[in-house]
Amino acid sequence: MNINFKHEWIETNIGLMAVLTMIAISVGGLVEIAPLFFIDKTIEKVEGVRPYTPLEQRGRDIYMREGCYTCHSQMIRPFRDEKLRYGHYSLAAESQYDHPFQWGSKRTGPDLARVGSKYSNEWHVQHLVAPRSMVPESVMPNYPWLLSTQLDISDTAARMKALRKVGVPYSLSQAEYDANVTKFGETVAKQLHIPAAQKNLVEQANFGNYDGDRSGISEMDALVAYLQMLGTMVDFSKYADDAFVETR
Amino acid sequence: MSEQKPQTVPTTGHVWDGDLQEYNNPLPVWWVYTFYATVIFALVYWTIYPSWPIGKGWIGGVSKITYVNSEGEAKTHSWNTRALLLADLNKAAIAQKPYFDKVEAMSYEQIAKDPEMSGFILSAGKSLFADNCAPCHQAGGQGMVGFFPNLTDDDWQYGGSYEKVHETLMGGRRGYMPAFSEVLNGEQIDQLANYVASLSGGDHDSAKAAAGNTLFHGEAAGCYVCHGGDAKGRQELGAPNLTDNIWLWANVPAAGSAEGKIAAIRGVIASGLNKGVMPAWSARLTPEQIKVLTVYVHELGGGQ
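In the order they appear, the protein sequences are chains A and B. Under the working numbering, the first residue of the first sequence carries the number 1, and numbering increases by one thereafter. Under the working numbering, the first residue of the second sequence carries the number 1, and numbering increases by one thereafter.
Only chain B is shown next, with the shape it has when bound in the complex:
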């Protein structure tokens, strides 16, 4: 309020409290014309894009979106963001079609051997893996002991062939092992744990392991039913190989002492497992995407 306006500016004519007046400065010309321009813009916009509601519908606008869908049909919709997305997706699908057609037509082995296709698998598979698989199996597929299997090693719960990996991706998996604390006593579980440790050359008590051996192959515990007489597992049941010193559920590598390692194994035997759930991806991903992922996972290192 340091400067008074010159008296030439007219007032609105209102007076409050006897002497309080309001100047009436006209808007700048550029502002007024810009305002008129926005009105004209709105009228043009209303005719091009969806705008006014009328009854149970609305004015669709003259702008149309046309695209060619996966069946090769040309589709036309009035402009909206969903149609825009379809046009965008179909455009990308056409660009990727030669690759996905090849993925569909070629066998897993052919894809893996073809230099161009394996490049495609590497890039497409990497982003698919990152979006969908990495939260559990981690970015490099290394998994997490106690939770999710390592996909880069040679140990497969359900089989590492292309067909088995594909089956796992499509239908998911659910791991199960009964809790043996219900049928065995603590001493027996300890004996079994020592035997399991001995299978992969871990520190163990020989006497206990020998007793564990009997239990393992006996009917009371019946471990052999799932893990096999040679304890090398049965992939059709998802029962892991116990002789390879690769640990998924019992966190043996993290246990510092020999006693800690045995305790980790004991824990799994006693409480069993009702986890190891892998979701099914058949509803979320397309068949081609699953095939890409199958080859990608197979090529992570451990494919059989």
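Bound-form chain A, shown alone:
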């Protein structure tokens, strides 16, 4: 078989050219991304990382709705200044259940990857309502409606189902629940069970009382619950300084 290749075929056939252009561009992406799915150490083996509870997940939705990511990153880079200010560098494992991840690309405000339990709930509430009352030089906008708006919890289960479709191990069946018990322990597995989502959310909000107001569940409750969890899942005191070095 003698095929005499001619460049003119491509140049005179827009359909063929589109397909070949797409293939050529994909190669660049594939060689960079695809190997990460096969390399063992892409996601570090680390204890404690779990999917978000229903309340934290709703807080995360509010975080995205309000566009917090446009000014705050959630990615501590392995530099000395970042380590000193924010703490241990972020691990890939810590955002493995994020869809989409909130690494961000710009910091107008500080990085939030490890803001969890750094400040009191009360600080967060006051700071979100009126940032300059806490930090005079802040340029962050006020978010007073978070405190006055009740959280819509009616679609909690539906939101978790959507995340389950993209791979977050929220459980629907007993078998999935049992698998979560094995993987995360019973306390966490209960929080990940979609049929109990709304009950779990209400319980966590009432117990935590994140916004300091017991009369209802505000959007502030959810957002503060989310913020207070950020970066707290991994106990780095259990790992040697260089435990995660060989994974890169």
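If you are wondering where the hints come from, they were derived from the structure by calculation, not from laboratory data. Careful: at least some of the hints might be erroneous.
Which bits of chain A does chain B cover? Going by a derived footprint, with three or more residues having C-beta under 8 Å, they are [said to hold, decoys possible]:
# : region
1 : 38-51
2 : 68-82
3 : 85-98
4 : 115-128
Sample of chain A residues with no beta-carbon within 10 Å of chain B, all distances over it, derived [claimed, not checked]:
# : residue
5 : I3
6 : M17
7 : V139
8 : L172
9 : N200
Cut-off 30 Å, straight-line C-alpha distance, at most; resulting in silico cross-link-like pairs (DSS-like, lysine-lysine) [claimed, not checked]:
#  : chain 1 : residue 1 : chain 2 : residue 2
10 : A       : K83       : B       : K126
11 : B       : K75       : A       : K45
12 : B       : K75       : A       : K238
13 : B       : K126      : A       : K106
14 : A       : K41       : A       : K106
15 : B       : K102      : A       : K238
Note that the Cβ used here is the ideal one computed from N, Cα and C, for glycine as well.
Given the structure of chain A, go ahead and fit chain B onto it with the hints provided.
Chain B in isolation, oriented as in the chain A frame:
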């Protein structure tokens, strides 16, 4: 399209729409050689730094990073940014080690008296304070009435000794006062508020304050249990001194009128407090950093 290319430039040979042709200008020589140079650069780069994925791993590259860690062991890793960070941190730790070793070995009093060490505390403590404490206690430690205590005055919720400040930093604190609207009526709360105002010489109604005095020391309200019979507070419970005219929760200084000041106190008595949460820092900071902060906070002005 103002100038036509000279006809000597060859075309690619393709013709569209009868007369549309494409010139075929060769790339400049410098460009071609630069391109070859980048290829050679890539080959060199691949051998030095981590590059190609192979199976479940990747080529680590010949470049290594070696550093001495805090235990004095020499560690070697193939080049990556995390190893680079460790080398950087350990280098800085070695430079700071003489100071932190001294911090560890010396008592709080010795550190505060030693001119060299207090200079170190001032600079190291200032940046630690700014990163971790200032969001609540403000840059100068002056705090915020209604939210966070002033660290520069003599009034301490939980004690201002080195040991107590250290305890607060390590384990955090959680303030609590019951809501007295559940056990007292509005009149009684008003009487108590007048009594509390009278304790620090504020404007008050004497008759109400006298009734408040009885309530304060009586079993119905039981204020004395936490605030003490002399109302000077009990630091082991975090119950503040009510006689010093230093206000944390009731924003008395901001209230313009005498009635406003009483109302501010009434508000706290009626609804109580379930705030005043200070996070624990033992997991976030190293023991030496906490010791530096202990001395720094103590030296802010009010240390006891």
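Okay, the hints, checked on the actual structure:
Counting residues of the region 38-51 of chain A whose C-beta lies closer than 8 Å to any C-beta of chain B gives 4; at least three are required, and the coverage claim holds. For the region 68-82 of chain A, the stated coverage by chain B is satisfied: 4 residues place a CB nearer than 8 Å to a CB of that chain, which reaches the threshold of 3. As drawn, the region 85-98 of chain A meets chain B at 3 residues by the rule of a beta-carbon pair under 8 Å; at three or more, the given contact holds. Residues of the region 115-128 of chain A with a Cβ under 8 Å from some Cβ of chain B number 9, which satisfies the need for three, so the listed coverage holds.
Every Cβ of chain B is farther than 10 Å from the Cβ of I3 of chain A; the closest lies at roughly 19 Å, confirming the non-interface assignment. At roughly 13 Å, the least C-beta separation between M17 of chain A and chain B is larger than 10 Å, which holds for a residue marked as non-interface. Consistency note on V139 of chain A: stated as away from chain B, and its beta-carbon is indeed over 10 Å from all of that chain's, at 15 Å minimum. At the 10 Å boundary, the C-beta of L172 of chain A stays outside the reach of chain B, the nearest C-beta of that chain being 32 Å off.
Distance to chain B confirms N200 of chain A as a non-interface residue, since its nearest Cβ pair spans about 23 Å, more than 10 Å. Proposed proximity of K83 of chain A and K126 of chain B is supported: the alpha carbons are some 17 Å apart, at most 30 Å. Of the pairs offered as hints, the one joining K75 of chain B and K45 of chain A holds, with about 21 Å between alpha carbons and a cut-off of 30 Å not exceeded. For the hint pairing K75 of chain B with K238 of chain A, the CA-to-CA distance comes to about 19 Å; that is within 30 Å, so the pair holds.
Taking the CA atoms of K126 of chain B and K106 of chain A, the gap is about 27 Å. The hint holds against a cut of 30 Å. Simply put, K41 of chain A and K106 of chain A have alpha-carbon atoms about 27 Å apart, close enough for the 30 Å limit, and the pair holds. Distance check on the hinted pair: K102 of chain B and K238 of chain A sit about 27 Å apart at the alpha-carbon level, within 30 Å; holds.
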